[in-house]
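Residue numbers (the working numbering), protein chains in the order written: chain A, 1 to 251; chain B, 1001 to 1092.
Keep in mind that a hint or two might mislead.
Listed next, with one range per pair, are the computed distances between beta-carbon atoms [stated by the list, open to error]: (1) B:Ser1063 with A:Asp77: 27 to 33 Å; (2) B:Ile1005 with A:Leu112: 51 to 57 Å; (3) A:Asp56 with B:Ser1090: 50 to 56 Å; (4) A:Ser168 with B:Gly1013: 36 to 42 Å; (5) A:Gln160 with B:Glu1065: 46 to 52 Å.
What the hints contain is simulated information worked out from the structure, not anything from laboratory work.
Predicted model only: the values in this text are computed from it and were never measured.
Each residue gets a CB set at the ideal place from its N, CA and C atoms; glycine is no exception.
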Amino acid sequence: MYTTEQYEGMIAETITIKGDNGDEIHTYFARPQGPGPFPAVVVIHHLPGWDETYRDFTRKLAHHGYLAISPDLYCRDAHGAPEDVAAAVRADGGAPDDRVMADVKGAADYVLSLPSSNGKVGVWGTCSGGRHAFLAGCRLDMFDAVVECWGGNVIMGPDQLTDKQPVSPNEYTDDLSAPLLGLFGDLDQSPTAEQVNQHEAELKAAGKDYEFHRYPEAGHGFFYYHAPIYHQSSAVDGWEKMFDFFSRNLS
Amino acid sequence: MCTMICERTNMEGSGKGREGWFPLKNANVSYDHPFNAPWEYAVNIDFVNEDKGVGARVAVELSPESAKRLAEAIITALERGEADPQIQVSVL
């Protein structure tokens, strides 16, 4: 926790890392100044894009003492205003899961390679990024903590599967290799309360280390301060739970 | 974005974007999270021309009922125009 007499400084900038297939992709990287060692978090942006909201989220994590790194998952698709890029990706069926996983691994590898790393790394995302965070916790055996915020389409029906999203993420539940924190709004339509129930039941049946917190007055995207779906009390509590979870698992 | 429901169709016509008019190539109609409209889900229509970059986009985000009224209005206008023998669509 910061106190007023402390020095604080951070560096936040766009860098380039190696992603899937060795491709160079843009990444927003915010980190506290100083030698560390610092824990790290890979911040997976939502389907609306690599936008200002996610830059704010990334800096917020750095403010709390994390090496926070957010790769542009649409870097290969296009460049332009984040909404325009996201609209194009939306029309094209979203980013391929395999590519996203490799990009997330590239971001985690990068921060773990830094002398200021404490050797631990978490992963967090909201919306489609929440889905990707859960997938990363299952498919990449390298994370120490996973935070899934209202991951849509963690449970997919056969008619929803595509070449880009060929497997429903919950099929990987047995492979989850890190403690999981899930934050959900009961009024959300994706995931629905029933889907969250199923998700939790599958984690429990698999004997996984997880904790779910559900907010009865919140819908989808309740952290998004720029949108009417923001829900103040749920967001404040959700941020506290997330920082507590990361503190316990990444220190 | 979470639903991934998106229908694409070819377009002929013009759209007016942030840099003026441009020829349209496609319309993308999704039922998913909007960027700006105040609902969790909306019918989002993007008139685009990918050849001119992702910024060549005219976007609207509609409530489902608004989208239905728009679809009905388009059909009604089409039926009225096509019923008039004096109206012919041709390139001037």
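Results of checking the hints against the structure:
1. B:Ser1063 with A:Asp77: 27 to 33 Å: Check passed, 29 Å falls within 27 to 33 Å.
2. B:Ile1005 with A:Leu112: 51 to 57 Å: violated, 38 Å
3. A:Asp56 with B:Ser1090: 50 to 56 Å: holds, 52 Å
4. A:Ser168 with B:Gly1013: 36 to 42 Å: holds, 39 Å
5. A:Gln160 with B:Glu1065: 46 to 52 Å: 25 Å Cβ-Cβ, so the 46 to 52 Å window is violated.
The structure is inconsistent with the numbered hints 2, 5, although it conforms to all the rest.
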